[in-house]
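Colleague: Chain order of the listed sequences is A and B. If you're matching positions, the first sequence starts at 0 in numbering that gives the first Met the number 0 and goes up one per residue. If you're matching positions, the second sequence starts at 0 in numbering that gives the first Met the number 0 and goes up one per residue.
Don't read these hints as lab results, they were simulated from the structure. Nothing here was measured: the structure is a model prediction, and the numbers come from that model. A hint or two may mislead.
The calculated label-pair distances, taken between Cβ atoms and stated as ranges, are [stated by the list, open to error]:
no.	chain 1	residue 1	chain 2	residue 2	range
1	B	Q144	A	R278	31 to 39 angstroms
2	A	E153	B	G400	55 to 63 angstroms
3	B	G146	A	S50	17 to 25 angstroms
4	A	P214	B	Q144	44 to 52 angstroms
5	A	L87	B	G146	33 to 41 angstroms
Ideal Cβ positions, reconstructed from N, Cα and C, are used throughout, including at glycine.
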Amino acid sequence: MIYDIRQTTSYSYGSYVPFAAHVLRLMPLPQPGLDVLARDMLIDPSPSEFSATRDFFGNATTHITLKAPHNRLTVESRFTVALTPGPLVVPEETAPWEAVRRAAQATTSFAARSPVHQIFASRHVPLDAAFLDYARAEFPSGRPVLAGAIGLMEMFRRDFRYDPGATDVMTPAREAFSTRRGVCQDFAHIMIGCLRSLGLPAAYVSGYLRTHPLPGMPRLEGADAMHAWVAVWCGEGVGWQELDPTNAMRAGTDHVPLAFGRDYSDVSPIDGVIFDSGRHSVAVAVDVREHQSGA
Amino acid sequence: MASAAATAGLLAGYRPLPGVYDEMVDAAGQVRPHWAPFVGRLSAEAPGALSQRFAAADRYLKESGVFYRVYDDPSASERPWPLSHVPLLISPEDWSVIEAGVVQRARLIEALLADVYSGGGRLESLGVPASLLAGSPDFLRPLVQAGRSQPRHLHLYAVDLGRSPSGAWWVLRDRTQAPSGAGYALENRIALSRGLSDVFRAFDVQRLAPYFDALRAELARYRETDDAGVCLLTPGPLNETYFEHTYLARYLGLRLVEGTDLQVVGGEVYLRTVGGLRKVRVLVRRIDGDFADPLELNARSRLGIAGLARAARRGSVTLANGLGSGIAEARGLLGFLPALAEPLLGERLLLPNIATWWCGQEAGRDAVLGAFDDRVIASAFSRLSSAIPPGGPWVVSEMGGPEREMLTEAILRRGVDFVGQEVVKLSTTPVWSDGRLAPHPFTLRVFVAATADGYTVMPGGFALIGEQQDLRAITMQRGARSADVWVMSQGPVAPTSLIPSETQIVVRRGDGVLPSRAADNLFWLARYVERAEATLRLIRAVATRVSGSRAQGAPDVAGLAEMLMRWGATEVPRGEDDAMHAAESALSHPDLDGSVPALVAAARRAGLGIRDRFPPDAWRALQDLHAYVHAPVEPEGRDVAVLERASRALRTIAAVTGFQLETMNRVAGWRFLKLGFRIERALATCRFARQFARAQGGSREELDLLLELNDCQITYRSRYPFGAAFAPVIDLVLLDESNPRSLAFQLQRLEEHTLALPLLPPSNRPSPALAVADRLHDVVAAFDPAKVRGADILGIENGLMHLSDEISHAYFRVRDPFVTEGGAP
Numbered sequence: 000m001i002y003d004i005r006q007t008t009s010y011s012y013g014s015y016v017p018f019a020a021h022v023l024r025l026m027p028l029p030q031p032g033l034d035v036l037a038r039d040m041l042i043d044p045s046p047s048e049f050s051a052t053r054d055f056f057g058n059a060t061t062h063i064t065l066k067a068p069h070n071r072l073t074v075e076s077r078f079t080v081a082l083t084p085g086p087l088v089v090p091e092e093t094a095p096w097e098a099v100r101r102a103a104q105a106t107t108s109f110a111a112r113s114p115v116h117q118i119f120a121s122r123h124v125p126l127d128a129a130f131l132d133y134a135r136a137e138f139p140s141g142r143p144v145l146a147g148a149i150g151l152m153e154m155f156r157r158d159f160r161y162d163p164g165a166t167d168v169m170t171p172a173r174e175a176f177s178t179r180r181g182v183c184q185d186f187a188h189i190m191i192g193c194l195r196s197l198g199l200p201a202a203y204v205s206g207y208l209r210t211h212p213l214p215g216m217p218r219l220e221g222a223d224a225m226h227a228w229v230a231v232w233c234g235e236g237v238g239w240q241e242l243d244p245t246n247a248m249r250a251g252t253d254h255v256p257l258a259f260g261r262d263y264s265d266v267s268p269i270d271g272v273i274f275d276s277g278r279h280s281v282a283v284a285v286d287v288r289e290h291q292s293g294a
Numbered sequence: 000m001a002s003a004a005a006t007a008g009l010l011a012g013y014r015p016l017p018g019v020y021d022e023m024v025d026a027a028g029q030v031r032p033h034w035a036p037f038v039g040r041l042s043a044e045a046p047g048a049l050s051q052r053f054a055a056a057d058r059y060l061k062e063s064g065v066f067y068r069v070y071d072d073p074s075a076s077e078r079p080w081p082l083s084h085v086p087l088l089i090s091p092e093d094w095s096v097i098e099a100g101v102v103q104r105a106r107l108i109e110a111l112l113a114d115v116y117s118g119g120g121r122l123e124s125l126g127v128p129a130s131l132l133a134g135s136p137d138f139l140r141p142l143v144q145a146g147r148s149q150p151r152h153l154h155l156y157a158v159d160l161g162r163s164p165s166g167a168w169w170v171l172r173d174r175t176q177a178p179s180g181a182g183y184a185l186e187n188r189i190a191l192s193r194g195l196s197d198v199f200r201a202f203d204v205q206r207l208a209p210y211f212d213a214l215r216a217e218l219a220r221y222r223e224t225d226d227a228g229v230c231l232l233t234p235g236p237l238n239e240t241y242f243e244h245t246y247l248a249r250y251l252g253l254r255l256v257e258g259t260d261l262q263v264v265g266g267e268v269y270l271r272t273v274g275g276l277r278k279v280r281v282l283v284r285r286i287d288g289d290f291a292d293p294l295e296l297n298a299r300s301r302l303g304i305a306g307l308a309r310a311a312r313r314g315s316v317t318l319a320n321g322l323g324s325g326i327a328e329a330r331g332l333l334g335f336l337p338a339l340a341e342p343l344l345g346e347r348l349l350l351p352n353i354a355t356w357w358c359g360q361e362a363g364r365d366a367v368l369g370a371f372d373d374r375v376i377a378s379a380f381s382r383l384s385s386a387i388p389p390g391g392p393w394v395v396s397e398m399g400g401p402e403r404e405m406l407t408e409a410i411l412r413r414g415v416d417f418v419g420q421e422v423v424k425l426s427t428t429p430v431w432s433d434g435r436l437a438p439h440p441f442t443l444r445v446f447v448a449a450t451a452d453g454y455t456v457m458p459g460g461f462a463l464i465g466e467q468q469d470l471r472a473i474t475m476q477r478g479a480r481s482a483d484v485w486v487m488s489q490g491p492v493a494p495t496s497l498i499p500s501e502t503q504i505v506v507r508r509g510d511g512v513l514p515s516r517a518a519d520n521l522f523w524l525a526r527y528v529e530r531a532e533a534t535l536r537l538i539r540a541v542a543t544r545v546s547g548s549r550a551q552g553a554p555d556v557a558g559l560a561e562m563l564m565r566w567g568a569t570e571v572p573r574g575e576d577d578a579m580h581a582a583e584s585a586l587s588h589p590d591l592d593g594s595v596p597a598l599v600a601a602a603r604r605a606g607l608g609i610r611d612r613f614p615p616d617a618w619r620a621l622q623d624l625h626a627y628v629h630a631p632v633e634p635e636g637r638d639v640a641v642l643e644r645a646s647r648a649l650r651t652i653a654a655v656t657g658f659q660l661e662t663m664n665r666v667a668g669w670r671f672l673k674l675g676f677r678i679e680r681a682l683a684t685c686r687f688a689r690q691f692a693r694a695q696g697g698s699r700e701e702l703d704l705l706l707e708l709n710d711c712q713i714t715y716r717s718r719y720p721f722g723a724a725f726a727p728v729i730d731l732v733l734l735d736e737s738n739p740r741s742l743a744f745q746l747q748r749l750e751e752h753t754l755a756l757p758l759l760p761p762s763n764r765p766s767p768a769l770a771v772a773d774r775l776h777d778v779v780a781a782f783d784p785a786k787v788r789g790a791d792i793l794g795i796e797n798g799l800m801h802l803s804d805e806i807s808h809a810y811f812r813v814r815d816p817f818v819t820e821g822g823a824p
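With the hints as constraints, model all of the structure from the sequences given.
Modeller: Okay, structure coming up:
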């Protein structure tokens with residue numbers, strides 16, 4: 000499956016900003032199952048400093064500085080990717096969850112995709128006792144890890160309501176959990192918190208969903224903006240498996256990953272420090288369409 | 000020399016605790032050899048003399064304003080520094096063990112940090128569980144640079160030691176983030192040498208000065224010509240150890256800066272000064288690494304500098320310590336360091352740790368749960384996290400059944416978050432209380448600094464002394480005391496002195512590096528103090544008139560009340576004739592912005608941010624003023640009380656301004672202080688004149704009042720045989736440049752000070768403030784005293800406020816950064 004993806008983020012500020020520094024994570028990085036065929040980024044106004052690098056988790060990051068006074072900023076990223084997801088692992092054939100927990104705690108690997116980075120509390124994901132109580136029932140002794148994680152995801156479908164008005168970017172996960180409402184970011188954080196409180200490695204994946212559903216298929220929640228889902232580590236051999244708690248489905252050809260981290264703060268598409276009164280508004284537009292050859 | 004009987008008297012009742020090592024006496028009750036001369040000397044003192052000596056030390060600490068903030072709360076009081084007067088004496092033999100052990104440990108931790116931040120390859124090959132380090136909130140992933148050679152991470156290191164019952168020294172904790180206490184150790188030494196100077200000199204006690212000299216030289220090594228100097232990055236006045244930051248900055252000649260003083264441009268760090276940006280090559284970091292960069296690290300930080308992580312990766316700034324060095328404080332590591340010394344250093348570990356088992360591995364978990372009652376359970380990492388239940392560390396033997404079960408379950412589920420440690424029995428050292436010595440447990444913090452060719456150890460340290468045998472209780476936050484540490488020398492010690500440079504403010508001669516924030520604070524400090532003074536003059540004038548039985552409705556008295564109201568010092572008086580009520584509330588209501596208590600509090604806040612630049616006496620005067628104007632007002636005899644109070648506050652203000660005049664050296668900082676004073680005084684003079692000098696229908700009493708408010712009745716009377724008249728009064732108060740309280744005098748000085756301000760980059764032009772000051776001076780010089788009207792004066796007031804704005808715009812413009820975190824749903 001080949002997709003053309005475009006994201007436009009526009010900030011407008013209450014006054015002229017004399018100086019700003021930003022870190023952008025808006026470019027995909029080639030990885031197994033994902034080839035980047037073309038990519039481009041337009042920044043307006045043109046930054047005075049620009050440098051592209053990779054962060055700890057391997058995400059493509061762009062550091063920019065704007066030194067001239069400006070009262071708006073637009074970042075447009077466009078890229079074409081070919082997505083060839085591997086075959087889906089059979090949940091019942093994965094290792095018992097206790098064995099996965101043991102392996103994650105014992106690993107000596109510091110590598111970017113090592114499970115060791117994904118078993119601890121992170122900025123947006125505390126290890127709350129409430130998460131543990133909620134998740135426990137799906138993890139009886141010896142249950143295969145992916146079967147348990149999928150069971151947890153099914154519980155989300157039953158208990159949680161997608162409600163864009165209920166939370167915003169800064170709402171703590173435990174608050175969204177107690178109201179049982181939220182959006183993809185909240186559901187991903189809560190599910191990660193549930194798994195980590197058991198000692199299981201769970202990571203945050205940001206990316207995109209196809210905007211226009213195939214004929215006869217429902218339009219997925221979160222398709223008009225950036226999306227987020229969860230990667231669960233299922234042991235040395237199987238590695239990371241991706242689950243979308245918002246749509247209660249396994250990530251497949253409809254999910255285009257962009258960045259990988261411990262939670263939203265690791266993959267936030269645009270971080271910035273501006274010297275201003277702080278009044279600003281932001282608009283985000285996302286378009287994900289199947290690539291038309293020759294277009 | 001003391002008689003055996005006197006020694007026995009001092010030691011009478013001194014009984015070491017059973018099963019515990021005592022520093023001063025051995026198991027048989029005999030004074031240890033390295034303590035004997037000291038104990039003998041103390042015993043020779045006349046009764047009461049020792050208490051006097053110790054009181055001298057306390058007085059010194061109180062007078063130099065040494066404090067420790069107990070809570071992270073602006074309203075919480077600063078606690079005076081609790082000094083335990085008897086020093087801890089360490090024998091040369093013990094010291095050589097400690098010194099070698101901590102230097103080796105610094106090397107080991109440096110090797111560990113270098114490996115972690117270059118990708119962890121060595122540790123991985125040695126089979127170290129990655130979760131031992133990756134779980135630390137101080138593992139700062141943006142600082143990992145795989146395969147790159149690492150700059151030094153650990154410039155400043157401290158170790159908390161304890162002595163076991165066998166007499167061996169053990170490491171309790173490593174301090175690798177931003178170790179505090181070296182400045183307090185210095186203060187303890189200075190304080191104690193006040194009380195015991197002759198005692199101190201009589202023994203060969205190693206001096207602390209060479210350590211600080213070496214540290215100063217080491218930090219200076221990374222500087223470059225024309226940079227902003229070595230800067231000490233502090234979280235600011237609300238931090239618990241802010242006093243130490245200001246103290247060390249002054250002692251070592253470092254520039255005390257906060258995050259908002261710095262800016263990263265093009266991957267380089269700069270200090271915003273009144274003369275533009277100056278490069279910063281060395282930062283002594285006293286904020287936690289995670290808070291150092293809101294862009295790449297903790298976005299919630301208001302203390303850091305956007306882009307610092309990137310500058311650190313590029314190596315354009317040397318951080319002492321490096322970002323992420325706090326990872327080595329993880330308790331879990333204690334169990335692994337002995338095994339890592341061999342492969343990482345090729346040496347055996349010299350100093351043992353407190354026995355520690357990390358519960359992330361089966362063997363460790365079994366060792367903890369198998370002997371649960373003998374364990375203390377704590378977080379495996381340096382800080383608390385949501386992963387472990389609140390309330391630790393836990394002494395298991397003190398816990399009830401349900402609590403144990405909860406903890407056991409948590410350890411079995413997520414053992415990576417926990418360590419178990421042995422229950423320590425600390426050794427004891429004598430404490431002077433109620434005229435005798437008693438044994439108290441302590442921990443000893445030892446400080447290590449990197450140097451060009453290795454490490455140097457401060458020969459001394461910081462002993463924290465507790466009330467009871469419980470390690471958890473031995474923290475400053477929980478009321479422990481601290482003691483000086485005397486390392487006895489094997490040979491004679493060369494006399495060096497700590498004293499010269501720290502009792503006065505360090506003179507930074509003409510390097511022109513004044514951080515914009517400091518200039519801003521100096522300017523506003525002066526404005527608030529001067530405004531408080533003008534307000535007090537109004538209040539005093541009301542009180543003298545009312546107690547002199549002048550009608551409250553008379554135009555002069557009513558005018559005073561009206562001014563107090565317009566200045567926001569009081570609210571609308573209940574009756575139009577209640578000027579006394581207005582004066583009283585202006586003196587006592589801190590919730591009104593213009594009241595005296597509110598103005599003094601604002602002045603103090605501005606002063607807090609620049610305490611490193613404050614002469615200690617001026618600071619004390621400002622503290623006294625603050626305490627005085629915030630004390631409750633006596634209810635009875637109110638006009639007399641108000642008069643007395645206003646007069647006394649005015650005298651204290653004179654002390655504050657007097658100290659500033661005398662002790663602030665005349666560099667750029669002093670100019671901003673004077674600008675603030677002059678602008679505020681000129682404004683007040685204009686406002687007084689506009690209120691009380693009416694060309695038509697004004698009264699003689701009002702003109703007299705104007706002379707009084709401007710302190711020039713005597714001059715007037717000596718000049719004019721007749722009473723107050725409009726034109727002569729206007730001339731003296733507004734136009735006479737020889738009168739130091741006149742408007743013209745203020746304007747002439749303002750012109751001088753603005754002329755001396757730094758030129759502005761990039762083209763080295765003078766600030767627009769100069770033109771404003773010039774014009775104001777010219778306009779007033781052209782005034783005809785008989786023809787000056789309210790509108791003319793108002794024009795000058797507006798010009799003064801414009802001048803203030805131009806100064807702020809050109810030199811202070813430091814805006815707080817605002818952090819945005821992306822825009823996903």
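Colleague: Hint by hint, say whether it matches the structure.
Modeller: Outcome of the hint check:
1. For Q144 (chain B) paired with R278 (chain A), a C-beta distance near 37 angstroms keeps the hint of 31 to 39 angstroms intact.
2. Between E153 (chain A) and G400 (chain B) the C-beta distance comes to about 37 angstroms, which lies outside the given range of 55 to 63 angstroms.
3. At roughly 19 angstroms, the beta carbons of G146 (chain B) and S50 (chain A) sit within the given window of 17 to 25 angstroms.
4. Here the CB-CB span from P214 (chain A) to Q144 (chain B) is close to 49 angstroms, well matched to the stated 44 to 52 angstroms.
5. About 36 angstroms separates the C-beta atoms of L87 (chain A) and G146 (chain B), a value consistent with the hinted range of 33 to 41 angstroms.
Hint 2 alone, counting from the list given before, is not met by this structure.
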